[in-house]
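S.K.: Sequences are here, hints too, so could you generate the full structure?
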Amino acid sequence: MMLARAWNSDLAYSFRTSPVAVASAAIALVLIIAAAFAPLLAPHDPMDVASLSLLDSFKPPVGMADADWSNPLGTDNQGRDVLSAIMYGMRISLLVGLLSVLFAIVVGVAIGLLAGYAGGVIDSILMRIADVQLTFPSILTALLVDGVITAALPRTMREALQIYVIIFAIGISLWPNFARTVRGSTLVERNKDYVLAARVIGVPSWRIMLNHVLPNVIGPVMVIGTLGLGLAIIAEATLSFLGVGLPPTQPSLGTLIRFGDDFLFSGEWWVSVFPGLALILMVLAINLLGDWLRDALNPRLR
Amino acid sequence: MPLLDVRDLTVEFPTRRGTLRALDRVSFSIESGEILGVVGESGAGKSLTGAAIVGLLERPGRIASGEIRLDGQRIDNLAPEPLRRIRGRRIGTIFQDPLTTLNPLYTIGRQLTETMQTHMRLTDAEARRKAIGWLDRVGIPAAAQRIDAYPHEFSGGQRQRVVIALALCAEPALVIADEPTTALDVSIQAQIITLLKNLTRDHGTAVMLVTHDMGVIAETADRVAVMYAGRIVEIGPVAAVIRQPAHPYTDGLMASIPSLEHRVDRLRQIDGAMPRLDAIPAGCRFHPRCPRVFARCHKEQPELLPAGATNAACWLHANG
Amino acid sequence: MAEKAILEAVAVSHLFDVSRPFLQRAFTREPRRMLRAVDDVSFVIAPGTTFALVGESGCGKSTIARLAVGLYAPSGGDILFEGEALSNARAQPALRRRMNMIFQDPYASLNPRWRVSDIVAEPIRAFRLANRPNEVRGRVGALLAQVGLTVRDGEKYPHEFSGGQRQRISIARALSSEPDFLVCDEPTSALDVSVQAQILNLMRDLQKRLGLTYLFISHNLAVVRHMADWLGVMYLGRIVEQGPAEDIFRRPRHPYTRLLLDAIPDLEQVGRARTPVGGELPSPIAPPPGCAFHPRCPLANERCRVEKPAHVMAGDVQVACHAVEEGRDG
Numbered sequence: 020m021m022l023a024r025a026w027n028s029d030l031a032y033s034f035r036t037s038p039v040a041v042a043s044a045a046i047a048l049v050l051i052i053a054a055a056f057a058p059l060l061a062p063h064d065p066m067d068v069a070s071l072s073l074l075d076s077f078k079p080p081v082g083m084a085d086a087d088w089s090n091p092l093g094t095d096n097q098g099r100d101v102l103s104a105i106m107y108g109m110r111i112s113l114l115v116g117l118l119s120v121l122f123a124i125v126v127g128v129a130i131g132l133l134a135g136y137a138g139g140v141i142d143s144i145l146m147r148i149a150d151v152q153l154t155f156p157s158i159l160t161a162l163l164v165d166g167v168i169t170a171a172l173p174r175t176m177r178e179a180l181q182i183y184v185i186i187f188a189i190g191i192s193l194w195p196n197f198a199r200t201v202r203g204s205t206l207v208e209r210n211k212d213y214v215l216a217a218r219v220i221g222v223p224s225w226r227i228m229l230n231h232v233l234p235n236v237i238g239p240v241m242v243i244g245t246l247g248l249g250l251a252i253i254a255e256a257t258l259s260f261l262g263v264g265l266p267p268t269q270p271s272l273g274t275l276i277r278f279g280d281d282f283l284f285s286g287e288w289w290v291s292v293f294p295g296l297a298l299i300l301m302v303l304a305i306n307l308l309g310d311w312l313r314d315a316l317n318p319r320l321r
Numbered sequence: 040m041p042l043l044d045v046r047d048l049t050v051e052f053p054t055r056r057g058t059l060r061a062l063d064r065v066s067f068s069i070e071s072g073e074i075l076g077v078v079g080e081s082g083a084g085k086s087l088t089g090a091a092i093v094g095l096l097e098r099p100g101r102i103a104s105g106e107i108r109l110d111g112q113r114i115d116n117l118a119p120e121p122l123r124r125i126r127g128r129r130i131g132t133i134f135q136d137p138l139t140t141l142n143p144l145y146t147i148g149r150q151l152t153e154t155m156q157t158h159m160r161l162t163d164a165e166a167r168r169k170a171i172g173w174l175d176r177v178g179i180p181a182a183a184q185r186i187d188a189y190p191h192e193f194s195g196g197q198r199q200r201v202v203i204a205l206a207l208c209a210e211p212a213l214v215i216a217d218e219p220t221t222a223l224d225v226s227i228q229a230q231i232i233t234l235l236k237n238l239t240r241d242h243g244t245a246v247m248l249v250t251h252d253m254g255v256i257a258e259t260a261d262r263v264a265v266m267y268a269g270r271i272v273e274i275g276p277v278a279a280v281i282r283q284p285a286h287p288y289t290d291g292l293m294a295s296i297p298s299l300e301h302r303v304d305r306l307r308q309i310d311g312a313m314p315r316l317d318a319i320p321a322g323c324r325f326h327p328r329c330p331r332v333f334a335r336c337h338k339e340q341p342e343l344l345p346a347g348a349t350n351a352a353c354w355l356h357a358n359g
Numbered sequence: 450m451a452e453k454a455i456l457e458a459v460a461v462s463h464l465f466d467v468s469r470p471f472l473q474r475a476f477t478r479e480p481r482r483m484l485r486a487v488d489d490v491s492f493v494i495a496p497g498t499t500f501a502l503v504g505e506s507g508c509g510k511s512t513i514a515r516l517a518v519g520l521y522a523p524s525g526g527d528i529l530f531e532g533e534a535l536s537n538a539r540a541q542p543a544l545r546r547r548m549n550m551i552f553q554d555p556y557a558s559l560n561p562r563w564r565v566s567d568i569v570a571e572p573i574r575a576f577r578l579a580n581r582p583n584e585v586r587g588r589v590g591a592l593l594a595q596v597g598l599t600v601r602d603g604e605k606y607p608h609e610f611s612g613g614q615r616q617r618i619s620i621a622r623a624l625s626s627e628p629d630f631l632v633c634d635e636p637t638s639a640l641d642v643s644v645q646a647q648i649l650n651l652m653r654d655l656q657k658r659l660g661l662t663y664l665f666i667s668h669n670l671a672v673v674r675h676m677a678d679w680l681g682v683m684y685l686g687r688i689v690e691q692g693p694a695e696d697i698f699r700r701p702r703h704p705y706t707r708l709l710l711d712a713i714p715d716l717e718q719v720g721r722a723r724t725p726v727g728g729e730l731p732s733p734i735a736p737p738p739g740c741a742f743h744p745r746c747p748l749a750n751e752r753c754r755v756e757k758p759a760h761v762m763a764g765d766v767q768v769a770c771h772a773v774e775e776g777r778d779g
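Protein sequences appear in the order of chains E, S and C. Going by the numbering used here, the first residue of the first sequence is number 20, and it counts up by one from there. Going by the numbering used here, the first residue of the second sequence is number 40, and it counts up by one from there. Going by the numbering used here, the first residue of the third sequence is number 450, and it counts up by one from there.
Everything labelled a hint here was simulated from the structure, so no lab data went into it. The structure displayed is predicted, hence computed values, not measured ones. It is possible that part of the hints are untrue.
[Claimed, not checked] Partial list, computed: chain E residues near chain C (C-beta under 7 Å):
1. G98
2. Y213
3. H231
4. N235
5. D314
[Claimed, not checked] One side only, chain S facing chain C, incomplete, derived with CB under 10 Å:
6. G57
7. A83
8. L117
9. S226
10. Q228
11. I281
12. M293
13. S295
14. L299
15. R305
16. L306
17. I309
18. A312
19. R328
Even for Gly, the Cβ is constructed at its ideal location relative to N, Cα and C.
M.R.: In structure tokens form, the structure reads like this:
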């Protein structure tokens, strides 16, 4: 019953009839499964240093001479399987991306709701802060936050906390997008009569914000959240590529690309190119999904 | 020959849940100099009828069958370009919200002169003189100065006056006015209605006046068509339709309007609501709400038949 | 109106700040700009009656509706609910429960994400009128039945209903706090006439059955005529004429009331030809001096241009017009 209704809903219909949406959802799903179940699915364990052998180093991918199917995408300078490394790397990239977007949503939605509902001076101050931050590229903000916190942490704790620092830094760099959208929708919703009806009977403001306004402003947040996931993954990869991201013990896609970069011009291109392709594929699929979601939700927002 | 002749106009909206028939074999005609009022509740198809005539149906709506003739010439099957020329030259349109008709970036003078010069051979000076004349006629004070003002510099009532000038300046034979006064306050409404009535009478223009306000129709129209769920259920001279309505729906509609003249304890109400397009009942579309329903109404759909001074689509009048 | 009033407005004024955001103002050193939406309005509403306010857009009638339920605090004057200052009354749930509101737009007044049963139950839960889920459900069912809907309608979402049905849901919600006093802000102006008749009949039935008091806001004089016991006519923030509705409809005194009554197209006057009164509504930000109606008034003279008319009694009707006061209204 529920499933049938979901299948027949306008959103599901728009999804079924959009080949781009279906294709990108399929790609995203495959990549997510590959990443989530990497320990079960990956042919090798790239973290297991004992299994590595320098004799296997720089094996080319299938299709080239001296290749074999035990390492379909070849190996790196230490003999690590590139395919397995990518699967494990995507795990970390996706995890960091999801958590930082989630963090940005929580912060951004809370600030946006507050600014839009309270209005006046609170609104002006919060939104000017968001404006100032938006004048910087978000990667710059993330770099700055990351740098400051890392410098403040004791050396011994840096590696253990690095992933949380990255999530915080990227999340902070993304919150203004959510806050501005939510504030805009809140401004519209808070003057609607159903909010007045709740105010007439004396429902407290925080309950109106949570129970009445929030469910009605969350639609656009989903769209920006999806597009933001792509941005967050890229941001993490950029930080890791620059060497200020995750430690080498937790290699993400960005870390892998940086490692492989050294060998790009000495002929072993696959070490860096395949992680790069995985990154592009993942972000592209997510962004196309986000675009579709925006278009699908739009006519009903009108 | 009537100026506008609409025969069996049927408009359909294909959707993924099946085709919705929004207008079902709508037929009527308007003579030159005549004002036909079209009334009905929201969703009855009155605005859609106007849009179909000027070829401005919103996609995916399309004319599925029927004919629309202007001065004897078919206009329902024209290509976009000839239709656009006819729409500007022969048919003027006035919509509810003047802001959607006026271009905010151009002065009203430029919009008036461009409209006239597209459809008539006029020099710039002649066009400007005529534009001032039109603004004067629709009651814009100091027309010669105001002609170079932008739409936002006018009040709501004045904007609707400008829209009327814009609709009439190419001297069309037919004006389609869709809820021209709904967005205006009552004291301004009266001004606009009087203006529209006087100008079209002076120029012998035919008017199709679409509104939900029976009072406006009563004061303005010569004849009135009452629409219900995509069909015309009654059409006839305005006094007859208001005083001796032949269709039970018209009768209920008239009785449900509160009167200024006397106060009653209860208004007569039609129970229920107009059916949605995807749930049109079989037989007469009004039968589930009709106080005078009988067996035949459940099965057969009535066509317009003479009923006293009007024509009504109701089996009560099947035998004259 | 000798009876004890349920709601009383004493010289109420309300100003809106229409100036630009304060940061912009701080840069340009612009002064604050105020709009006087309600200006020195007084009225008394007796229990069990309908007090109607009529006027055109921008006349301040909706502002009064919101002042009357405490959504706005008046900038000047007092509003009393059963003799107690409204802000005090609203601080007590037992008194706040007794006032509620019905809105104009049936599409905006119901939260699209809530089930109808939750919408109707919101005041019941807010005032803890019933605590057990079964009890709440029973009350909601009874309320839906009272407005002509079924218990099963409670399971649906607002978008599954027509405009008229939504307005019934809105009324059920307003009744669920068991109020005595309902503010109705244009409750039927978004509806088709046949549906309007259903809602107006329902409101009259409920008033008789439950002894409700209505503050009824409308721009439609015919609707007001049908509903009102007491009538106030507003123009640019002021009540220009008020009194027993029958008296005003039988003999309107203020030139603006006459204009309004004359402007309404009427079914019983097929093909009426007339000379409508000209002029536009002035901006409420800069209302004309003296009597605000003088630029459109056929009876205006020098005094009207400079001096605000006071409220004077003419029979049971209170009128703010120099011409009526001087007997020049003919």
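S.K.: Give a verdict on every hint.
M.R.: Hint check results:
{"no.": "1", "hint": "G98", "verdict": "violated (56 Å)"}
{"no.": "2", "hint": "Y213", "verdict": "holds (4 Å)"}
{"no.": "3", "hint": "H231", "verdict": "holds (6 Å)"}
{"no.": "4", "hint": "N235", "verdict": "holds (6 Å)"}
{"no.": "5", "hint": "D314", "verdict": "violated (21 Å)"}
{"no.": "6", "hint": "G57", "verdict": "violated (19 Å)"}
{"no.": "7", "hint": "A83", "verdict": "holds (9 Å)"}
{"no.": "8", "hint": "L117", "verdict": "violated (34 Å)"}
{"no.": "9", "hint": "S226", "verdict": "holds (5 Å)"}
{"no.": "10", "hint": "Q228", "verdict": "holds (7 Å)"}
{"no.": "11", "hint": "I281", "verdict": "holds (6 Å)"}
{"no.": "12", "hint": "M293", "verdict": "holds (7 Å)"}
{"no.": "13", "hint": "S295", "verdict": "holds (4 Å)"}
{"no.": "14", "hint": "L299", "verdict": "holds (5 Å)"}
{"no.": "15", "hint": "R305", "verdict": "holds (5 Å)"}
{"no.": "16", "hint": "L306", "verdict": "holds (4 Å)"}
{"no.": "17", "hint": "I309", "verdict": "holds (4 Å)"}
{"no.": "18", "hint": "A312", "verdict": "holds (5 Å)"}
{"no.": "19", "hint": "R328", "verdict": "holds (9 Å)"}
Hint compliance for this structure: hints 1, 5, 6 and 8 are broken, all remaining hints hold.
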